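6 protein chains.
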Amino acid sequence: MRYIKDLTEGARVGDIYLIKSKSSAVTKNGKNYLNLTLQDKTGTIDGKVWDPNSAGIDEFEEKEYVEIVGDVSSFNGALQVSVKRARIAHEGEYDSKDYLPVSAKDVDSMYKELLDIIDRTGNEYLKRLLQSFFIDDEKFIARFKFSSAAKMVHHAFVGGLLEHTLSVTKNCIFFAAQYPRLDRDLLVTAAICHDIGKTVELSPFPDNDYTDEGNLLGHIVMGTQMVDEKIRSIDGFPSVLATELKHCILAHHGEYEFGSPKKPALIEAVALNFADDIDAKMETFSELLDKSQNPNDWQGFNRLLDSNIRGTRLG
Amino acid sequence: MRYIKDLTEGARVGDIYLIKSKSSAVTKNGKNYLNLTLQDKTGTIDGKVWDPNSAGIDEFEEKEYVEIVGDVSSFNGALQVSVKRARIAHEGEYDSKDYLPVSAKDVDSMYKELLDIIDRTGNEYLKRLLQSFFIDDEKFIARFKFSSAAKMVHHAFVGGLLEHTLSVTKNCIFFAAQYPRLDRDLLVTAAICHDIGKTVELSPFPDNDYTDEGNLLGHIVMGTQMVDEKIRSIDGFPSVLATELKHCILAHHGEYEFGSPKKPALIEAVALNFADDIDAKMETFSELLDKSQNPNDWQGFNRLLDSNIRGTRLG
Amino acid sequence: MRYIKDLTEGARVGDIYLIKSKSSAVTKNGKNYLNLTLQDKTGTIDGKVWDPNSAGIDEFEEKEYVEIVGDVSSFNGALQVSVKRARIAHEGEYDSKDYLPVSAKDVDSMYKELLDIIDRTGNEYLKRLLQSFFIDDEKFIARFKFSSAAKMVHHAFVGGLLEHTLSVTKNCIFFAAQYPRLDRDLLVTAAICHDIGKTVELSPFPDNDYTDEGNLLGHIVMGTQMVDEKIRSIDGFPSVLATELKHCILAHHGEYEFGSPKKPALIEAVALNFADDIDAKMETFSELLDKSQNPNDWQGFNRLLDSNIRGTRLG
Amino acid sequence: MRYIKDLTEGARVGDIYLIKSKSSAVTKNGKNYLNLTLQDKTGTIDGKVWDPNSAGIDEFEEKEYVEIVGDVSSFNGALQVSVKRARIAHEGEYDSKDYLPVSAKDVDSMYKELLDIIDRTGNEYLKRLLQSFFIDDEKFIARFKFSSAAKMVHHAFVGGLLEHTLSVTKNCIFFAAQYPRLDRDLLVTAAICHDIGKTVELSPFPDNDYTDEGNLLGHIVMGTQMVDEKIRSIDGFPSVLATELKHCILAHHGEYEFGSPKKPALIEAVALNFADDIDAKMETFSELLDKSQNPNDWQGFNRLLDSNIRGTRLG
Amino acid sequence: MRYIKDLTEGARVGDIYLIKSKSSAVTKNGKNYLNLTLQDKTGTIDGKVWDPNSAGIDEFEEKEYVEIVGDVSSFNGALQVSVKRARIAHEGEYDSKDYLPVSAKDVDSMYKELLDIIDRTGNEYLKRLLQSFFIDDEKFIARFKFSSAAKMVHHAFVGGLLEHTLSVTKNCIFFAAQYPRLDRDLLVTAAICHDIGKTVELSPFPDNDYTDEGNLLGHIVMGTQMVDEKIRSIDGFPSVLATELKHCILAHHGEYEFGSPKKPALIEAVALNFADDIDAKMETFSELLDKSQNPNDWQGFNRLLDSNIRGTRLG
Amino acid sequence: MRYIKDLTEGARVGDIYLIKSKSSAVTKNGKNYLNLTLQDKTGTIDGKVWDPNSAGIDEFEEKEYVEIVGDVSSFNGALQVSVKRARIAHEGEYDSKDYLPVSAKDVDSMYKELLDIIDRTGNEYLKRLLQSFFIDDEKFIARFKFSSAAKMVHHAFVGGLLEHTLSVTKNCIFFAAQYPRLDRDLLVTAAICHDIGKTVELSPFPDNDYTDEGNLLGHIVMGTQMVDEKIRSIDGFPSVLATELKHCILAHHGEYEFGSPKKPALIEAVALNFADDIDAKMETFSELLDKSQNPNDWQGFNRLLDSNIRGTRLG
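Chains as they are written, first to last, in our numbering: chain A, 25 to 339; chain B, 25 to 339; chain C, 25 to 339; chain D, 25 to 339; chain E, 25 to 339; chain F, 25 to 339.
Simulated from the structure, these hints should not be mistaken for lab results. All the given hints hold, so there is nothing to weed out.
Pairs of lysine-lysine residues, derived as BS3-like cross-links and limited to a Cα-Cα distance of at most 27 Å, are as follows:
1. A/Lys315 - F/Lys287
2. D/Lys194 - D/Lys175
3. B/Lys72 - D/Lys55
4. C/Lys315 - A/Lys46
5. F/Lys287 - F/Lys254
6. A/Lys55 - C/Lys108
7. A/Lys175 - F/Lys287
8. F/Lys29 - F/Lys44
9. E/Lys121 - E/Lys65
As the structure is a prediction and not an experimental result, all values here were calculated from the model.
Model the full structure from these sequences, guided by the hints.
So, in structure tokens, the structure goes:
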């Protein structure tokens, strides 16, 4: 497959792309045409279907994988594809991984690392709870590994939820070693579960957008409820422990204004809030610099970091 | 029974009272004694047990009903009871209603009014949901009718939760008639369910204080979960309707800072927030004036109303 | 008259329209032309005067009613009128109601309903005050019935002030029945008068924009002063009642940050603030959904409601 | 007269004092007595009437001037007067200035200074407006000269309103000279009128407390209305000038949260807000240091200044 | 020199201009060209170099002074210069004052006025400190006189820092005369030094933008450190006085949210904050009206003044 | 030495204590006596000197070490010492460590750990800077090891600054390993230096209170300046590195409202803010539970944690 980032003026295109967006438009002469955005994992390129009703142009919709034949030209300094033929591709003809942003880390290795941590949980009830999600529930596992951790700000790629969860969990393991008042098992379990609601708050890729339920209920409450359901299936799960774990999840955004209905009242809830927040901020900062042409220059104001930022120069 | 508000200096006491508080103290001469607060539904009075180890003084604890024999005297302008004998009363010897603040309205009449409203719910799924709480679940019904709507601010009496719920529901019925965009059934169901989590957030009277679970999870999330559980037992309950109902409950405090993890996104959620808020403010204002010696004078700053207030004089 | 919403490509236009906006522009070839926005009550359409100095084109200004002759064409997917002739229309040739947004409800019926409410006011002083505005003061009545309740957010149409006032008043009548601490006469009078300052804060249609005085003083203070003046003309109006009524008007926005110089300190002021606020929010929400193509989808963030919103689906 | 600050243990008292507060109490032995606070301009002292019903003790109320005969003793390190005789004093027997906090500056000199400034106002309409208050309206003049500028924070003494007004006006005269965009006459007139509403917001000394009208309407709105009334009596007063002047008064607190219903929109309104604010802060700071035993040490947190403060040492 | 504001369509240009911005672009036909913005002190004009590689077009960069030969034409209603020749000018060929926004006041007169104030400082240590900056340190003096007081909001011109500093200092001299608690020498010294950090926070004209150090440390901390260094070179400078002076500089923004790490705790710090703030607001307001075509109309919302504003009409 | 926590009623005291507070008082009979608070590292006890002028009672002041002879009695349920003799102790007679709260960890071990970290710093300039403080500057080292990290909230004991600094530094070392964008040397150096200003913001024990300079300038600015001075003495220290390090220190409180004049703009500044904040919160939470009688019950609202808190029960 020839990736979008490698296309040049004058090239001929003949590959399957994901249709990121599609809209109708009218030329000054009153002729209808289609504006497309073609996507693969290396980026996007504009497409124009100047003759939408011609023979070779099948009907297709946004989010579909479509085989495109056409020519690359340059307009106002940007490349675009004049689409001659368009045909919906069948499953099997393409590998969706080629079309979606993905974690730079290997999903299976990360998942194995998470299972190792689960295996080292001392409290039997918490361990069984984690296993009921991450070992027994295949549908959940598939969705968890495929999810992002956010629509846009940070970890907005396939595997992002797993990568973020693992990183927050490692932060918590470190904190539990540093601060003896912290209960390691409760904290680690809360860390692993803190964002599981995101598997239902966001729709799967290539969409990766808020679901209706996500908009109305939010991942904090949905995740808490998912934990609650699994706990009911575990005989003898201590009720205070269940309440404390759910509290940690409810309070993990730390402030009412960030959507937590309770402020952290347990020391593990305080620690989880920090572990989550620093991972989000470190990743956001790093992604911004990674994408920047001049990471050591001022990057402008960033809303999450609430500051103008720049990469460190050291001298 | 002789009520506390009718006791006068020199009287002899011989009745059962609720022990609101109890603490040990030492006189200047180094003698131990007990400070009590005796309570019935008309008020409280201080009690002193000058000789805690004497024959007639049984062991008892806070929150117990105790038969007190003693004399009323005046100290620093306030009445107090010198306790001569104290004996724990058995269930049956007293009626707890005589000892607790109660709604001025009849609980059973209010409950009947609520059932009539439930009966008029058009949507079958919502109706069945309401019935599953208010007709089928006897333990829930008992607790709901006995609960207050708050620890202190307003409706802090037996029957208070029912009174507040009924009043909010009536506001919603009126709004649904005024504003045609509102779905009456959804709004009324949300109104009836909005505070059911308070039955577990607050402990039963005479305690009426935050439970551990109440502190850690809060009535908004607990109530949403209670609704969710009942819905699961109703075959075919539409999932979008379930989500919309749960959203209304989650969002009923209207603002993140008041503990709602979501802002109202449906018009019914907006209306419910108003219906709840105005009832809380009207009741708070009314209770303050009812309790005041000079309701038409300035009452000082009230935190909920965020203002110095006074009763209206009209002229 | 042929309404703007019914115009189609290729049609010939020959009707009077309100000139909503007018500006000069220059073509790439350096030729002057005019950009117009033509308005009637069904919407707006762009107009182009390609030859402003030709014989048939009279001089005219924004906000004038102008007879337009021209042809409808399509450009970039939108319709526009190429104006051949333009002539200022005389009063009498057009009915301004055809050119302005109007309440869906009948203004005279609403006005009659308001008069009935005034007639049922028990307190003689308050009744006389209301009559001095709504029965005796013809200039005020005319302006009141013609005003909107806002420049943009909600009720921004002819009759909007009356519609909003009546709705707020009905909310107050209901609250007065629900909450016995409320004085019905004071509350209803305050409701009817709460926004009368808008008759001078906003200029009459078709302008409907903030006046200079409106910008510098605001409808809250101007309305309070209008009430104060009428009260002075009523012998024996009790001074405390006058102060309480003015307080309700001053405090009806509920918060300093919304322009009330006093927080509600009387229970009627609290109730009026709610009655006003819920009407504004219900109407804003309803107007948004009414105008939306897909009211049951997410509509995006709304500033007044401070949330992303969607219409209720129920299933 | 022997001032309170000069009383010592063992002295005999025989002078007229203002009764700042009076309350009944009961001794441990059940005897009624009266607690008094006696006041003159140098301070206060506790008084006890151990035998309220004895022959020499007349009936009297708070805020009355009473001739007190009694002995000064010391209790718990503080002085108090055992009152033997008490008799209400007649007007003429005392000079209220001896009993009230007063400006350190001469009220008549300050008033003359204000009249000179009024005399130098160039705009005839504004000058006539100022004269209608400060030359023609004797009742207003008497109240203005006797008022404080606040209940407690700063200038809380007889003459305080005049002193503050004059100081703010001088600040404005300076600003008008510094910043040519400022209209001197408008700014100076607004400065002189900005707090005239305080003559009705606060009751006269010795009370100096918020009036009912003051609580419900506030000096900002009341002062604006007083200006409005005088303007109506001046033929030909330009209406835009009237609106601009009223705007300056409405906006002089600068922020909604401080009770201004409008933010400063004219440059004179901005300047007046500064002139007022700095005078309040300078006076508050100065009064705090003047009253302090150790002005050069840290004085603790002050709410108006929103900081812990200390006097400047310079070295 | 022919100023930009005097250029008209069809004119031939042949003067030196400052290149404010320069960027490459591509025509629809795929031809490279350059977009320029040419600047002198009267304004800016667009320039196009249609043939960047032709003989007469030298290489040049942004911020350079370049002799431009070309023709003025009109495009879409705006003028632009078609550049035929471009040559970098040598120092001496142009006077940078012709190309930069400058204070309307004479820099040397203002500087002399400042020196006179310094000369009248009574405290010997403070006087020596001021002299060490404004008499002894030539590099500092040059930079101080050339600096603006801000990147954009107000005093954003050559000499702006001096003009603002002098005006703030005069405000302080007036306040010191009005409020006897203020120490004139400390206050005046703090006023003169309060913004000296701006000489390093902003780069010199024509750039006048935040430096890297300015972004990371800010003029408040940098200015405090500059004062600290000079003080170390003055034998016997009292340490408390040094701390008090540095406090005034640190606290001169008045609020944490405006970047002051300490709230004003000394009365001089309070006064300096006002003197600075009112000068910034008066200048911002005046500059807005000066630049406006219709200063007496509403100018729209201004962020610093936090209000819609208009010029005063007076009637 | 017999520690205060071991004293019982009836005991005879004969040891040296630190006089935490001392004040004069008068008995009801008019006799002068002294109220003392005696302190050692285990707690405090009240003391009474009933006869301050008797032979055995020397003059002494607060903060002095005094040998006390007396008897322990009980009053109102609390113990107190009736002081018979009091004599100021000479240096050498007591060990101040017995009288002050101290870190539970060994100061010298922690210091060694810090030196090891410094030794592993790769960047030569940063290493030399750290050595110039922690190896070369003996006065600084002594003060640093003896300081607390706060007046009250957390780490308010001897060695507290070192303990907090070491813990923050370890957090930073972990973060640097987790997040590759972080420069370990810069982050670790900033961590070690972030609170060095506290050595001058707080006075030495037993006082441990804000110094005058601390109140006026604060540890953030003072610490930045201390770093700046050392850097000047290091030849060739890169200026950008110096600025970046100082930025990290200035921004380490993360928000303007917490006294940072700059928001974190470098990723190391973001990380340091988290490392510091979590250590403060973990220690505050732990100290509260450590001191509590019932750590697993609700502890009430804590201002720093902005929540009611309780210890975790787990089941």
